[in-house]
Amino acid sequence: MNPRILTFLRGTATACALALASSLAQAQLSIEITGAGTNRMPVAIASFEGEQTLPRAVTDVVRADLERSGLFKMVELGPSPMGADAPPDFGRVRSRGADAFAVGTVAPSGSGRYQVQFRLFDAAKQVSLGGQAMVMAPNQYRTTGHRIADFIYEKLTGEPGVFSTRIAYVLKSGQRYELQIADADGSNAQTALASKEPIISPAWSPDGSRLAYVSFEAKKPVVYVHSLATGQRNVAANFKGSNSAPAWSPDGRRLAVVLTKDGQSQLYSVNADGSGVQRLASSSGIDTEPAWSTDGWIYFTSDRGGSPQIYRVPAGGGDAQRVSFEGSYNVSPRPSPDGKSLVYVARNGGRFQVTLLDLNSRQTQILTDSAKDESPSFAPNGRMVLYATEVGGRGVLAAVSSDGRVKQRLSVQSGDVREPAWGPQPRN
Amino acid sequence: MVQRLLPRLMAALLAGLCVAPAAQAGLFDDEEARARINALRNETGSRLDKLEASARAQLELANQIEQLKAEIARLRGENEVLSNDLVNANKRQKDFYVDLDNRLRKIEAPAAAATEVQPQAAPAAAADPAAESRDYEAALTQLRGGKYKEAAVSFIAFTKAYPSSSFLPSAHFWAASALYQQKDNIGAAEHYGKVASQWPEDSRAPDALLGLASTQQARNDNVGATRSLEKLISRYPSSSAAQIARQRLKK
Amino acid sequence: MKYTRITLSLITVGLLAACSSSPSTEGQSGATVEDRPSGAASSGVDSNRVVPVDANGAGGKSAYPELKDPKNILSKRSVLFDYDSYVIKDEYRSLVEAHAKFLTSHPSVKMLIQGNTDERGSREYNLALGQKRSDAVKKALTLLGVSESQLESVSLGEEKPSCSDASEACWSANRRGDMLYSGEF
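Line order of the protein sequences matches chains U, C and S. Everything in the first sequence is counted per the numbering used here, starting at 1275 for the first residue and increasing by one. Everything in the second sequence is counted per the numbering used here, starting at -18 for the first residue and increasing by one. Everything in the third sequence is counted per the numbering used here, starting at 5 for the first residue and increasing by one.
Since the hints were derived computationally from the structure, they do not count as laboratory data. Any given hint could be a false lead.
Unchecked claim - Straight-line alpha carbon distances no greater than 20 Å define the calculated DMTMM-like cross-link-like pairs of lysine to aspartate or glutamate that follow: (1) C/K31 / S/E101; (2) U/K1429 / U/E1341; (3) C/K31 / S/D94; (4) S/K164 / U/E1664; (5) S/K105 / C/D30; (6) S/K105 / S/E156.
Stated by the list, open to error - Some chain C residues close to chain S (C-beta under 10 Å, calculated; not the full set): (7) E33; (8) A36; (9) R37; (10) Q39; (11) L40; (12) L42; (13) N44; (14) Q45; (15) E47; (16) Q48; (17) A51.
Even glycine gets a Cβ: it sits at the ideal position worked out from N, Cα and C.
Could you build the full structure based on these sequences and the hints that come with them?
Below is the structure:
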């Protein structure tokens, strides 16, 4: 490998380690599965040959990922590892009741690195479903595990997995606010920004390299754009009055923001560097919480009709259409990645709950049984919805599948977690 | 309001400032000067009161505007909900109508056929409606399952067992379809022809004519096929079967 | 332009008042001072409130002691709103008027108005509602002659609650517009 790249990698690794050390102790998110699908596919992940030399087994990560998705049930195959090259023992796997299974080998590949090879099999049809080989540093066992889990998930469900994605959220402990980035399973949390003033509304750029958010460090809400790899940030909107609710355009070039420079809260768009401000829509009431869909709409919350409801305008300009009609409080819309459905928070008799609206049939479904849900956002494959809620007076993150069956919860030992945003698929 | 009051206030002020030199000039005595100052003070005071009152009135007005805006928003919201309800109601009404129309056709067609073709057909031994629909469903299930031979036998048996059934045109139609699938073109043509001639008002009549044409084509009876397709187009010009017929005629 | 005229007229009133021998100057200049027996009413809360403001005052900035004098109405900075309401209640009129008067007579002084809401519902929507409250205060001040350039209205939404239990008393305390002068923010 190019020595300069190596030095750079080592540099970032140290920086990450420092950030980790400061936050890891008290702020580690722990995940808990609170509901699972009804028909879970039995799957076995045999321990990989040679993986005991790693700091932690790759297959532990794979199993935890698949289990957490709520779609699979892990089947134990016993302690003896199965290598990627050995002929698969279909009889043994079938006798344990697994429909599919993976085997693999971890072997040193020189200069302290390891090659990980694995294969996936359909146990019933006794055929190979493919495999992969990758080279990694020993401390990258998590990343590797997530990628293997993504491969298996996609082969078995036909949809891309989201185990390699990241989430952003705000951790509040005492009077300290931290904007953190973690793996989708809550591990590997790193602080991108720490402040004594509130931070809200983080939004991922479509390529996952930047976050836009609202920080109150100037005693008023100002929108910043923050490059995660460098820590550099710039002001994207700091006009007279309040600046908030950033949302990226699908091409990652512009941000929809809410400004009050011309009166009450209205929708505008700006370039990510803060230039080129333009009005997106105008109304006699509050317009806020814009969200761009991939099929050309901007969804937003407006009280132009006397109560907060969800509306949409064509991203290229045009008349607003009302989208939500049931109830008197519907806020925080987020369209699904395919643009076919919408999640938002609806108030039902004093309870604020994440609700799914099928934009074609107009059918709604309340996805949660909690009471203080906020800030929903879709996973990039549209399968799960991440949101903030409260359990025992503490802010926690939760995720629910878009059919309402699979449920997970992410919380920290002390402090409140809130304002989650699910990041995009990583670009390889 | 404020703008109009202010210049007058300024004038009062200037007048007040003039007082002092004037007094020195001996035009007024002290008494008179004091009285004037008092008068001026009272006037300024009352004008200031008015100014404040007007600012207060503006505040009041601003509050009222705010309340009116809220009321307008509420009305706009009501309007949005009502127009959405109307759109939904219209759509639902249309769905109801289509559904009702389909049901009525099923009832009317066999009744009309019965009076025309079999005016004296004695009602067959008290038909059991439950058994009737059960047998029909069973035959349909066979057809759906691809058991064409069994389905054809069942539908033909059905037409004999329940000659006054409202399902009769459908049973003939499905019998024809099942026979056609088995390449029994003659048998299929018989049943398709029956549906087309005996129940011309039935919703399946256009499809029956199309099916008839297919069986004729399969037997290389191109003249007959063309005649059937033309009949279909002239009788049921707007049916989807007629559209297919037009395409076939073009070939 | 408007405020300079008002300032002039206020000076005039002062002049005229000074000329008169009678001491009966009601309203205007002084502010309605409650003559409290010292010590008794000014509890520990009052002195607590002063200390942090002084700490924030950045030394020489406390050029206007009346803003921090607990006996002066100008030391009161909060306007409370009813639930789902964005109009200034009658009971806060005199407070807003007092601040308007101070700002018109000190045109170099700037004010930041921060709107707040209770914690229920969406953070971003609450931010917009807080803005409606700060805008209401700003609107009232401009109607009373304060120049727009002296004022900025912003929102803190539900992010900076003055108390945090889930009770109506607490929620109503958080439905608030706060007025901060230059040097205090």
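We went through each hint and held it up to the structure:
no., hint, in the structure
1, C/K31 / S/E101, "15 Å, holds"
2, U/K1429 / U/E1341, "16 Å, holds"
3, C/K31 / S/D94, "19 Å, holds"
4, S/K164 / U/E1664, "18 Å, holds"
5, S/K105 / C/D30, "14 Å, holds"
6, S/K105 / S/E156, "17 Å, holds"
7, E33, "8 Å, holds"
8, A36, "5 Å, holds"
9, R37, "7 Å, holds"
10, Q39, "5 Å, holds"
11, L40, "5 Å, holds"
12, L42, "9 Å, holds"
13, N44, "4 Å, holds"
14, Q45, "9 Å, holds"
15, E47, "5 Å, holds"
16, Q48, "7 Å, holds"
17, A51, "8 Å, holds"
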